[in-house]
Amino acid sequence: MGLRQNSHGIANTVVRGRHQLICGRLLEELDVPEVFCEDLPSFFRWTTYEQGPWTLIGTQQSTAHSTTFTGAAISLHFNGSGIVVFGTVPSSNATNPPPTAAYNLDGQSFATTLPFAVANVPNQPLFATSSELSGNMEHQILINLTSVVARPYIFQNFFVFPNQRSGKTDGVVTSVPPVNSATASSTTASAKSTASAPTTSQAASNKSASPLLTPADAQKTIKILAGLLGIFVFFMALTLIIYAIVRRRALAKQKPGSMKSTDSAEKGRPGMRHISPH
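Position 161 (the sequence shown) corresponds to 162 in our numbering; numbering is contiguous.
Fair warning: there could be bad hints in the mix.
[What the hints assert, rightly or not] Derived Cβ-Cβ restraints for the label pairs, each shown as a range:
(1) T64 x P116: 15 to 25 Å
(2) S63 x A219: 42 to 52 Å
(3) F111 x K221: 49 to 59 Å
(4) A217 x S131: 39 to 49 Å
(5) L226 x D107: 50 to 60 Å
Hints listed in this document are in silico derivations from the structure and should not be mistaken for laboratory results.
Where is the CB? At the ideal position from N, CA and C, for every residue including glycine.
Can you build the whole structure from these sequences, using the hints too?
As structure tokens, this is what we get:
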């Protein structure tokens, strides 16, 4: 949900993704079902740019806001069990360091410095809650830029985990990892919090509840095993037949040779007279 500046200077939460979707549906690549569409109005409220200039960059399908102003800030009021802040890690080095931001969630502040990067890396989680938030209250996150020296701070969107409610499929949203979460975990090692722990547990419970092997799969497995066993028996029988033929031929070749050797031995014994019949 990137931020878009309207004519009254108020930033409204909107959806970005591969297509512009109705009902404020979440990112299409996250495969969030429409059942949560009716709950979206209670998740978010108007957000404002607290202070500092922000520049809108990107395309109609994907927008972001960039600033090089130390002290610039963005805030969001929301109802949910967790939140992730997505942005771009800018190209930086020791001479041109990345920006530093403080993330204040319900009065608790977390300061983070982005890592060095040889090029801009978009869609990275710059901040994420480390535990499940209370669903009985409204939460506020305030992003305050504490140091912007040479590289801009680029904000892309928020991702809010909905509260678990009765009558809904458990873990449908929280079991879905954020975009590029595998890459983001290494690039945001300096952050003090990572993705929400209930995400993994909910996903594990959903997987364990699904059947491991269907009857059709069991029949296929049995047929495959029976075929392999038949092939094994066939080759064993063929091996025994070939062995028997080779052995029989070897014995047949040894018999004439043994008779000749016996005759020659008898003829060569000393003191033996051979009497030829008249």
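How the hints compare with the structure:
Between T64 and P116 the Cβ separation comes to about 24 Å, which falls inside the hinted range of 15 to 25 Å. For the pair S63 and A219, the supplied restraint of 42 to 52 Å holds, since their beta-carbon distance comes to about 46 Å. For F111 paired with K221, a C-beta distance near 52 Å keeps the hint of 49 to 59 Å intact. The beta-carbon spacing between A217 and S131, approximately 43 Å, falls within the hinted interval of 39 to 49 Å.
At roughly 58 Å, the beta carbons of L226 and D107 sit within the given window of 50 to 60 Å.
Consistency with the previously given hints is maintained throughout, with no hint failing.
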